[in-house]
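There are 2 protein chains.
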Amino acid sequence: MIRRIPQARERGIPDATVARLPLYLRALNGLAERGTATVSSEDLALAAGVNSAKLRKDLSHLGSYGTRGVGYDVQYLIYQISRELGLTQDWAVAIVGVGNLGRALANYGGFVSRGFRVAGLLDADPAVVGDHIAGLTVEHSDGLEAVIRKRGVSIVVIATPATAAQQVCDRVIAAGVTSILNFAPVVLTVPDGVDVRKVDLSIELQILAFHEQRKVSGGPMMAEDWAGEAG
Amino acid sequence: MIRRIPQARERGIPDATVARLPLYLRALNGLAERGTATVSSEDLALAAGVNSAKLRKDLSHLGSYGTRGVGYDVQYLIYQISRELGLTQDWAVAIVGVGNLGRALANYGGFVSRGFRVAGLLDADPAVVGDHIAGLTVEHSDGLEAVIRKRGVSIVVIATPATAAQQVCDRVIAAGVTSILNFAPVVLTVPDGVDVRKVDLSIELQILAFHEQRKVSGGPMMAEDWAGEAG
DNA sequence: GTGCCTTTGTGAAGCCATGCACAAAGTCGA
DNA sequence: TCGACTTTGTGCATGGCTTCACAAAGGCAC
Ligand SMILES: NC(=O)c1ccc[n+]([C@@H]2O[C@H](COP(=O)([O-])OP(=O)(O)OC[C@H]3O[C@@H](n4cnc5c(N)ncnc54)[C@H](O)[C@@H]3O)[C@@H](O)[C@H]2O)c1
Ligand SMILES: NC(=O)c1ccc[n+]([C@@H]2O[C@H](COP(=O)([O-])OP(=O)(O)OC[C@H]3O[C@@H](n4cnc5c(N)ncnc54)[C@H](O)[C@@H]3O)[C@@H](O)[C@H]2O)c1
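Protein sequences, first through last, are from chains A and B. Using the UniProt record's numbering, the letters of the first sequence map in sequence onto residues 1 to 231. Using the UniProt record's numbering, the letters of the second sequence map in sequence onto residues 1 to 231.
I should point out that these hints are in silico values taken from the structure, not numbers from a laboratory. It is possible that part of the hints are untrue.
All copies of an identical chain are treated as equivalent in the list; a pair is satisfied when it fits inside any one copy or across any two copies.
Stated by the list, open to error - Straight line, CA to CA, 35 Å or less: simulated DSBU-like cross-link-like pairs of lysine-lysine:
1) K150 - K215
2) K215 - K54
3) K57 - K150
4) K198 - K215
5) K54 - K150
6) K198 - K54
7) K198 - K57
Because the structure is a prediction, the values reported are computed rather than measured.
With the sequences and hints as input, model every part of the structure.
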């Protein structure tokens, strides 16, 4: 059978598209708050900071939800993207490592706002255990596996020092977690089937520094670049 | 003259490569701490979590710093990558918005550790101004431009609420800053020549949720995926 | 010096993402 | 009902990134 109907959603949405869906969702929520009922790909793309053709191609992976000559229904598109991202259910998240960063995350309102619920705060330091943060009590990380199982935690945020991250990672995976958001500056080793995403401030700054250096070096090609290239 | 020697560093290093250099640098520092003198692309790639061919091609963009049959000299490669990233000089960074997140960032040791120095903490809230954090005093954001100019700030971290981010962004750009790290969940609009990188927790969680949803839906290929493909 | 062995640096192929450009589709006014 | 206009959905070309595979390069043992 050679016939090959390129059915949307037949299997997978490109990673690049998935990474942009939250952006579209945010832009759509902004429009919805201002009472906008429909939006064209051009306008939505502008709000999300992407090319309109890319936006349309991205949305076409979810299905054909637009109306030609009109645009997209804001509310309907919000629902479809939310459903696709799995935000119509709520996800229990545990934060391991309640130091500077862990506290900031626990207090972060935007966390809860869209489908994510902080179901546990865990730390290894007895001095921190028992602290009340954002309505939760910090528990000892000895009970990590129990917390994960009992509260149905499916996403774990690692905000421990780098030295503890792999160990915490191994434990939560053993407890059945397959989605990890890592703030520690280490490359986590995980088995197939486990997703790790990392947020790394240090890397971002270094990338900025790279470009900044090129700017201040006096234009596109500085003298040093030519050194040794003669002959 | 048709001869075209593909000299490394002739013009630009691919973005994808630049984004990985900090990863290599981190892995190399780990090796250096353990006293390793030389490392093969295979081993370094393993430590950095990438394919070894990719590592070699990345490094080849900087120059030909390896020795065939031996590998790369760890210290020398650290120096070369550092220099390429602009980490041999130190960068003055200002943090605007000293709330939960801004405080965590200010207290973050890994900031200073590699070429970045927090040169200013600024906030609009009089209740926060005057606080002492990590050896610095929080200043009022009215003086943003003055701080940037007087202390040679070239990278600004925005950790204000989303509503204030664009305004802060406009001001720091007007003050001459061309590198911004944005933590606020908004798409910043900037003129050409300004680099913005964003760190967005919410997006990362949503991407994790997407994949997690697919997993729990019943394995690698769920029934719904096959609907309509028969025949 | 010579030959073997290891490892680099890179040509080439394949893959994925981007963005243009346009036909198809649907709305809306007359 | 019809025609003009708007906007979507997508075929296609382009470009960048990744990966394989290997010739060239260099160290090292003898
Ligand atoms: N603070 C920031 O702005 C920032 C920025 C980027 C990255 N990071 C990274 O995020 C991580 C946390 O940073 P931080 O500033 O909050 O550090 P922190 O030292 O303030 O907090 C770390 C916390 O983790 C706890 N901990 C240690 N081992 C543990 C274990 N095995 N199980 C559970 N908890 C454990 C400690 O008791 C402590 O409370 C670090 O890896 C840091 O490099 C932080
Ligand atoms: N806390 C987190 O873990 C987290 C995670 C992801 C994203 N974010 C984002 O980071 C930003 C900061 O988060 P937060 O939790 O620290 O919020 P916060 O409310 O605790 O802190 C914001 C700070 O910015 C200051 N501010 C407001 N307007 C300002 C202005 N015009 N100039 C200077 N300072 C100003 C406020 O006075 C306050 O101190 C928010 O946009 C948030 O969405 C936070």
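Verification of the supplied hints:
no.	hint	verdict
1	K150 - K215	between (53 Å within a copy, 20 Å between copies)
2	K215 - K54	both (29 Å within a copy, 27 Å between copies)
3	K57 - K150	neither (41 Å within a copy, 47 Å between copies)
4	K198 - K215	both (28 Å within a copy, 20 Å between copies)
5	K54 - K150	neither (42 Å within a copy, 42 Å between copies)
6	K198 - K54	both (25 Å within a copy, 20 Å between copies)
7	K198 - K57	both (27 Å within a copy, 24 Å between copies)
Hint compliance for this structure: hints 3 and 5 are broken, all remaining hints hold.
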